[in-house]
Structures are given as structure tokens and as C-alpha cells.
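J.: Chains as they are written, first to last, in our numbering: chain A, 4 to 594; chain B, 1183 to 1421; chain C, 2 to 469.
Please keep in mind that the hints were generated in silico from the structure rather than gathered at the bench. Fair warning: this is a prediction, and the values are worked out from it, not measured in the lab. All residues carry an ideal CB built from backbone N, CA and C; glycine is no exception. Some hints here could point you the wrong way.
Where chain C lies over chain A, by a calculated footprint (3+ residues, C-beta under 8 angstroms) [said to hold, decoys possible]:
#, stretch
1, 46-54
2, 228-236
3, 240-253
4, 294-303
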Amino acid sequence: MAIVKDKVDAVIVGMGWTGAIMAKELTDAGLHVVVLERGPDRDTQPDFSYPRVVDELEGSIHRKYLQSLSKETVTIRHGVNDTAVPYRQMGSFKPGTGVGGAGSHWSGCHFRALPEDFLIRSNMEQRYGKKFIPEGMTIQDFPVTYEELEPHFDHFEYVCGTSGKAGVINGQQSEGGNPFEGSRSREFPLAPNPNYLGAELFYKAAREQGYHPYPIPASNASAPYVNPYGCQMGPCNFCGFCSDYGCLNYSKASPNVCIMPVLRQRKGFELRTLSQVLKVNLDSDKKRATGVTYLDAHGHECEQPADLVVLCAFSLFNVHLMLLSGIGTPYDPVSKSGTIGRNYSYQNLNRVSMFFDDTVQANGFIGIGGGGTVFDDLNGNQLDNAKAGFVGGGVIWARQPGNGPVRGIATAPGVPNWGSDWKKGIKEAFRHSFYYEVQGSCMAYDDAYLSLDPTYKDGYGRPLLQMTFDWHGNEIKGSQFLVGKAIEMCKSLSPLSMKGDAKKDGEHYNVTQYQSTHTCGGAIMGNDPTTSALNRYLQSWDVPNVFAPGANAFPQNNGYNPTGMVGALTYWTAKAIREMYLKNPGPLVHA
Amino acid sequence: MSEDQQSPSRRRLIKNLFFVPIGVASAAASVQVLQTAVAKPDDANPNPYRPSFFNADEWRFIVSACDRLIPHDDHGPGAVELGVPEFLDRHMQTPYASGDIWYMQGPFVEAAPEFGYQGRLALRDILRLGIKAIDAYCARQFAGKKFSDLDVTQQETILKAAESGRLKLDEISEKMFFNQFLGEVRNGYFSDPKYGGNKGMGSWKMIGYPGMRGDYIDWVEVRDKPYPIGPVDLAGRRG
Amino acid sequence: MLGPALKRSFLLAVILAALVFGGLLTYALQLTETPDIGNNAGNGVGNSVAGNAATANNDAAPQSLVDAGRYVAVAADCAACHTTPDGKPFAGGLPLASPIGNIYSTNITPDKASGIGRYSLKDFDRAIRYGITPEGGTLYPAMPYPSYARMTDQDVRALYAYFMHEVAPVASANRSSDIHWPLSIRWPLAIWRKMYAPATAVVPVNLAKYPDPIVARGAYLVQSLGHCGSCHTPRAVTLQELSLDESQLTYLSGGPEIDGWVAVNLRGNDGAGLGRMSAPEIADLLRSARNTKSAVIGAPMADVVTHSMQNMTEADLQAMAAYLKTLPASVDNSTHYVPNSDTANALKAGKESGRGAQLYVDNCAACHRSNGEGSAKVFPSIAGNPTVLAGNPVSLIRLVLAGSELPSTKTAPSNLGMPGFAWRLSDSEAAQLVNFIRQSWGNSAPATSAEEVAKVRKTLVVAENNAS
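Chain A with its partners taken away, still in its complex shape (with noise of 0.2 angstroms):
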């Protein structure tokens, strides 16, 4: 027999970033709010608290921050046909846990997104024709804009205490940033970090390919700031412990330093962690959720029933618990209907090394997770699409989050992987090489998606999430070309080696690589119920008093990291609830 608690006005899964934003939100409407997050609780004393933190070996090796695979995990195949298998040892993505969740263990990437990436098909239709989306591409427009959007990305910018330097200020040009950026309201939070060395020579190599770099928006504070909450960060030390691990010194961005403070004084906030949501509870007419049913700490069956259910628990567990709760029907490739799982999406990253001789100081273990210096000339608009041959874009960057020799020396080609001539090529290497790297967007196709696997279950019992997805020609050919592009700007500073690892033709997704946590789509937002599971609130089509915030309501990937558009779609929802939603439970979009 389940136990059942005291009914609130609001159950949120998950206490991550958007669960974070979701509770602030709605106790700020005075709705009293009960989170369930399934991992333990999590601060910066004493879980990241220095130096223990900085262990290689716990951190990246043992992973000691991110989800254990052992009772959760996914099955992945690359095709409709295959069988899929599970996602044993964490590689290609790495999902968080905990109250902080990935938000606690990301890097610190803060874009937006650009005005076009909204409206991504309508605008590749108009400047190269229908015929130019290849058939099965099923990317969508935004049923949002960058403007409506304005707002709530530069608030969450400003709760992050994001660093970096405007491009466009209502609609002025301003210099030292991204020229072809959307506008924003008003210049960022903090200034930019000082560049390490592989940023500081990226503005010359760009420069002299007649490119525009500006510094990566980075929520890594650059000196100590108070957010809109009165929470407190820290400048940012470059540590070089951002990916994977939590922050040493409040200055990176998190649900923990950015939101929890304020929260847990809140009387209508209460969180209970070691809490496993197993689904969420529909009435008979599955048209209205009573609650959400959970395993307690002790494994006890819990029902928390609520008026509103948010589910914040990262892209592909959203999904997930949609598809194990009957909410909406899911999607099915052969016949290309239902919406929950379609258009999965994911991130096309590639990685140029290089190697110089010992004159030149460039430190890899000097890390900051966001900063660096990029450039966005083959992104959005900037991109003649026609003449690189795929549809979307990308941007390269310098990059250094950090390393350390456990995460793993990068070579100068040639040198072997043991022996003696190792042991001289890391020492060449490890501080004297840096890479800059190209982050690709990642079109949607009627073939990859995410449904419920037929033979693997979790540690709960329930069907594993399946992940159906490969490299199709169009990303392929996206490495390809800015793989080449970057490795033409490299070659201007006369490294004594290069190493580019563009996609290959034929390439398979290979997931025992750490690419990139940008697992997007599954559950995405739309104008139109039968070819998107969440309208433009995020507000489930099916079941109205479900919103699902998250990069599940990405239609498709674009070039940039996918954390700044989350945070800021999530106030959106947020907003649309308190204002709209409270007053008049139902749809808030009658399609």
C-alpha cells in the first residue's frame, strides 16, 4: 500500500536547474511546493569542498558527481531495425544527479540562441527553397521567438552571473562582442575572464581568416557578484575542475550557489531528496495528472498527490517518465505519428589539437569550464548553407575546462600509446598543446527518437528509456566542413603538429566517447498537437496540468550549448503558470 501525502499545489521532479528556477518561481506565486529529486542532497561544504574535490581519479574516474549507470541508464541502437543496447559505462553523454543535478557538474557554456535558430525551417525554406530540407529532416520552427524569449534569457543570465561581452544592445552594435548576436536589453552581468593562452591567440587566428571572435558568455564568475536573489558567487580561479565535478569556490553557476540559498529558507519549499519518481499519476480519462507515485529513502512506495505536475528531470528522463505514465501517445518511425520521443536531437562536436615546443606556456591544467573565445561566422545566417552542403551551423571555439593526466594527455600524432616514446610525447604534450573545437547544431529526423525499450529494465523494474539515433550525411558533412575550417585557422600559428578528428562518411555515433550532455528533443514544444508533445508553454498537449521544461522541448539542436536557452524557457513556462495558468487551470493553447 502506497503512502500517501498531504496534497500540494505543486510536485516538481527533479532539482536541477530547471527544477530550481520552477521552485523559486512558483513559491514566489506562494504555491507550496514539493520537490522530489532522486539523488542525494548536494552543497559546495562539504560535497565540492577544496582540495578534496580535485581528485581525478574520484571525479572522473569513479565519477563520483554524475549518475550511477547501475540503476538508471538508457539502451541505444542507430537504427529503426536494430536491437538496441544499454548504455553500459558512461562515454558519449554523462546525466547528473542530485540537488544541482548536471547543473552542478556542467561547464559553465552560457549562450542564447540566435533570432534565427527559432525559426530554423521557415528560414532555410526561404533562402534555398523547400527542396533544400532533405525529406525525413523533420526540423520545426520554435513556436517562440528570440524576442519573446529576451527577457527570460537575460534574467537567467543575471541569476548565473554570466561573463562576457554584448554584441548588439538594443539593436545597437557594440563592440568587443558577437556582432551577429540577437539583441539583448542591457550589457551581461560581469565582464569577461582574462583569457588563457589558447583564447588569446584564437582572436588573431580568427581575425586574420576575417572571422568575428568575442568571448565565450562564460557562468563562471569573474569577480565576486550577488544575483538577483541575493545569493553570492565567487570569481572563478581556473581551477580546472569544471566538467564533471561541482565548484570548489561558489564561482561557477549552479542550482546550489545561484537558487538553494534563497529556497531553503522558503515555508512553502519542501525538498525531499533520495526520492525516485516511478511515474506520474493520471485519472481515469488520462487527461488530468492527481500526482506523481515515488520510492521513498527506504524504498517505501510514496503517491504525492499535487494540482500541478512539473517534470524537471533532465531531457531524457522528462521523456521517459511521459511515455512510462501513458501521458500523450508515443511516437512511432514506421508510420511517423504520435509525439512523445520524435525528434530527438543531439550535439556535433570535433576537436582540433595541437602541439607546440616548450617556449610556449600553455598550462592544460589551467581550466575554466565556459570561457574562451569563439566565433559565430559559420553559424545562424552568417552560414551560405548551400555552399557548405548541410543544413544548420556551428561555432569554434577555444575552450580549456581544464585537464589533468587521468582525464587523458593528448598526443602529438605519431607518438604511440605506452613505452618510452609515450612517456617523452606527454611530456612534449601535456603542457605545451591546446585544441580549439568545433560544436555543431543537430538536425532532427523522422528516425531518430526515443521510445521504451522491449527487453531491458531498471533498477525499478521499468522499461529502460531506447534511444534510436546515428550520424546522418547532413552532420557528417557539418564536422567535416568546420573541422576544415578550423584546421585552416590553426595553421596560422604554426603549430609543430595538428590533429583534427572530423567525422568520417559512414561514421556511426559512437557512444563509448565523451561527446557532449546535449541530449535534445523527445518531448518537444509546438503549434501543432499532432507533430509536438508540449505547446508553446511547455505545457503538455495531453495532459494540461503536466509542463515538461528541459531541452526535451528543443524541435532540433542548433550550434550553441543548450543550458542558457533551458534556463530561459523555463522562466517562460514559469511565467505563463503564475500569470495565466493559476488563474485558469486548463490549456493554455487551444490548437
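Please build the complex by placing chains B and C on the supplied structure of chain A, with the hints as guidance.
T.: Chains B and C in isolation, oriented as in the chain A frame:
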């Protein structure tokens, strides 16, 4: 973790890790061969590490393989002198090596290499099985000699063949085993000394990694000179 | 066999002792007369916190008086001792360590059986300002009645109204102390009280002494309700505070060790005191436990900020700060800070003068920086820090070994924390590190020793044991 409370005096640079169990045939011959690579127990190191996970045969393989993969040379210390075999023995006894963070449920099916290891062995068993399989292969190829009995060139050949999957072993994918083993050897070579390897921060000194310092704001914009401060380990000692 | 002279002397000594004992006992047992403050009698109305709200008797109190009393209770921080972390408000039971054993705070809810529900206003006043129980006994001076003695009558009336009419009664029997006989004999306490907190000393703070009304208000709060001297003023061997106001240089010049922390010097010393802090910066500390350069360390003062000062009015915080700024340096002014960039230059260039510098680079610089200045409102400056420059290094040593965490306050919710380094530093290393920071960036304070560190480290283990 209990390691935190160990006194620094217990962490000694252990030069010799080779332990010869009594009664094992060809022990004398093994010692003979290994003396080219590894120092004997002596008064300076009266207490070489005694493995509690690996047995004597496995241990011999590990010490020899470590010595090949990361040898002592002019570039810097080797894996054996830095205690990597000790690291391996201790690491295999952690929950991580038992598959704690891996998804270990069946069914276990063959899959393309892009999907990673799909077998049911945890890391500790992969290493065990792989060591046994390679030793058996050597015995077949070299008239009964195990890997540790071979000379340096022969050992290198075997390792290269394993690395490129040319041994064609039945019991286990030698390529997968090799990658896992090499990864562990590197982990032991480069992780904090508290885990048993990287004694005296020898590897960090070799490559110029500051260890557990995690503070570089003063050095981000320094271009004209190398970072001058030596490494510090978790226990707070300087290298 | 004792000779007759010796026998006589012995008898004389016994008689003398009996006479002295009898005299002391008589002196102790003499009842102390105290004035009645019922109705509107009393003085200091203009500047009391409770203002002018009238009260006739126990049973009817105007809401304004209850509200005023609630604020008095916040400013006097009754909860600090009379509410346990998991307990109901004011139900008592908090152990307070004394040199002779633990005593437990009493239930001051208006419960008639186990609390103060049967107290008249006079009983209440006699307890708070005179330290006398309704039965005529004396309270242990853990209750800071020598400070509360300076409250106005009106504030006492307001406090009474609050406790009787708003605080919820809780049935919770008082726990007797852990003090063993003969030290548990109470009547000698009366002697202490009459010598060091006589009834004649119960006089509200004379505000006319302070020309500036803001300073006057600050003086009132600091000396009476705030009872800051209970922790921050040194005590004689007989345990009374050496001074209760600014008339002596010992006032607030740094107190004894409490729960392992030594209360800082609040006077104008430029090294170990508040000499280089402005009044608004001091008010920041009171409001949120942190200012641009400095922070409150240790749980005892963090609790005061959390339960008391963050809930006081801005005007009152600024007033207390203004009063503190009027206090000149104390006699022991031996530690100093004269800004000097040598240490910063050396560390920034990677030059380490010795093991102390190495330890700083490896443990502290990540937050406190090579220039020792930390980051504004995030990590305190070590350069010129009063705790770093305190003559007695116990707090600093404790901080290095055990760390500290800021409280989450209304205006500054981030509970920024410093980890402890006891696990990483030997006694000798901790001493070298402490000595390094006390002599760097222009800091000048005497060295400590490994032995001193060892003593503090022992108390950490005790604290951990007590916490479980």
C-alpha cells in the same frame, strides 16, 4: 575513507613490489628475468607491497606488463617503481571495479564496438580473465613460458598484438582487455598517491602537473615563464 | 598530644572559621529588596525599546506592548539559551558548559507547572535584572543579568507581556545541572551576585552620557539587551566581567573561550579590533555575518546573527555599530597591520619563502588569494583581519583546523563555508601556516606553537563527541 587518516610515514616509496611466493615452480628463473627490470627487496625497502587481490601469477604479469607499458627511462620514473601494481591491486577491491557504476543487467549480447563493452564482467574480472588468457597464449607460443618469463622484446610484441587485436583469443577480446588494462595502469601512474600509485608524485613531477593545487588565476595570463611551483598531493605534501 | 598553646590556636581558628562562615551565610541569605515596576512607574521611557505602551496588570496587555516585547526578546536573544535546536521556542534544556559542569537553561514559556506561568511582573524583573529566583535563590550568571540589569523598566514590562501573552506554553520540566555537591551548593552564588551584580547596579543605561542619540541607542543595546560583554569582555578569576561599559578600557576588549572560539576585541585596535572598519561595515557584520573584507566565524556568533541581529531594525544595527566605533583601542595593542605588498608579489611570482608559504599556497590561496585579500563578501581578507591578528590565536587555529560556515540570513542567504584542514595539517604544519599568515602582507602578530595547535585539536575531538 580510511586512507585519509593514514600517517604520512606509511607512504614510503616502495622500489620493489615483486613478491615471490614460496613453492612456486620456476620462481628462481622468474627472479632472474625480473632483475633486469625490477630491484630486489633490500634494507631500504624491507616491506614490499603484498597483493591481496591478485594471486602470484597475476601479480607477476602485472608487474612485468606495467614495466613494459610505462618503463623506467631517461624521461622519468616507470610504473613499477611508482607503485602502479599496488594501485591496481587496491583499485580492484573498490566498488568501482566490481561494476558499481556500470549497468550490469542482462541480457548480454554482441554489439558493434561503438556501443562499448556489452559483457557481464566487471573490471576486476576483465583484468583477471585477460591476464590468464594472455599468459595461456604465451605458454602456447613460447613453450610454456608465461608473459613475465619472456624477454623485453617478446613482451612488447605481445602487448602490441593485444592492442591491435591480433592475438585472436577465445576467452576475451584482447583489445578490450588491453584498453582497460592500459587505462588502469595510467590511472595508477597518475592518480593521487593515496591510492597506492604515483609514489612521491613521480609522474606529476615528470609532466609538470601541479596535482591537487586547483588554483591558477595568477598564471592564466603568464606567457613568458613556465609555471614554477611543484605538485602537491591530497595529503598536503610537496613532490 | 597537642600542647595547650596549639590547642588554643586551633580552637580560635575553628571559632573564627565558624564566625566567617556564619557571616557569609547571613550575608548570602539576606533578602534583596527590589522596587516594584508595575504600572507606568519607572524611568528611561524615552529611549527604551518598548516605548510608552501602558500596562495595568498581568492579564491585559495591549498588543503594542506585546509587539514591543517580541522585539526586546529578539534583541536580548533569549532564544540563544532558552531554545534548543530541535525544541519548542523558549522551552529550555540547552546545556551550557560552565567550569564546574553543564547547566541547563530553564523553561521560560508561560506554562504554569514547568515554566514561568506563575511569575508576577516583579518575579520576572527580579530574575532578569537582579538574578533572583521567586524562591529567593540566585541564578547562575550564565544568565547575563549583570548586563540585563541595565534594561529599562519599560523593556522589562514589554518582555513580560510578550512571554505571558504570545509565547506558547510548553510543558517541559527543567533539567537540573550536572554540577556535583559540594560545588552545587547555591547560596555562595548569592555572595557573588551581591558583590558583582548588586541591586544598586540595576540602573538603566544613562543615555545623557552620550551626546549623539544614535550612539546613545547603540550604547543601550550593546550594554543591556545585546549583553555583548558576556562574551566579548574579559572576566576576572571570580568570573565577573571586568567592566560593563566604556568607562574602562577592558570593556569588549576580547572575551574568554566559548565553545572553542575566543570572542574578538570590539574596540578600536587597528590590528586585533575594529579600528579599521567603518560603522556601516560593522553593521553589515551584525546584519549578515559578513562585510566586504571580513566575516563572523564560529557557530556562537553566527547564531546571534541568525536569531537576533538579522531581525533587528537597520537603525538599531547602525546604532550599535556607531557606539562600538566610539571605543578607543584596548591596552594590549600589540598586534598591527601595515599594508605591505612584499608577500603578494612573491607569491604571485611563485616564490615561496618557506614551508609556511608553501602551506598557504596549497591550502588557502585558492580562496584567499596570493595577495591575502580574498574576494569581497565571499572570502574574507586575511590581510588586516581581526581574528588573524588577535593576540590569542586560539580562534584562528580553530578556524584553520575546523573551518567555519556563514549562516544563511535574510539579506545574505548564501551559507558560504570554509573547509577545515585538521585532516591535512600536522600540529607543526598548522603552526607554521598560522605563523606565516600572521607575519605576511603587513600583518604583525606573535607566533604560535605546535603545542598550542595540539591543545585546540584535542577540543575538536571533544566537540565532535559532544555533538553526537
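J.: Now, for every hint given, state plainly whether the structure supports it.
T.: For each hint, the structure was consulted:
| no. | hint | verdict |
| --- | --- | --- |
| 1 | 46-54 | holds (count 7) |
| 2 | 228-236 | holds (count 6) |
| 3 | 240-253 | holds (count 5) |
| 4 | 294-303 | violated (count 0) |
In summary, the structure is inconsistent with hint 4 from the numbered list given earlier, while agreeing with all the others.
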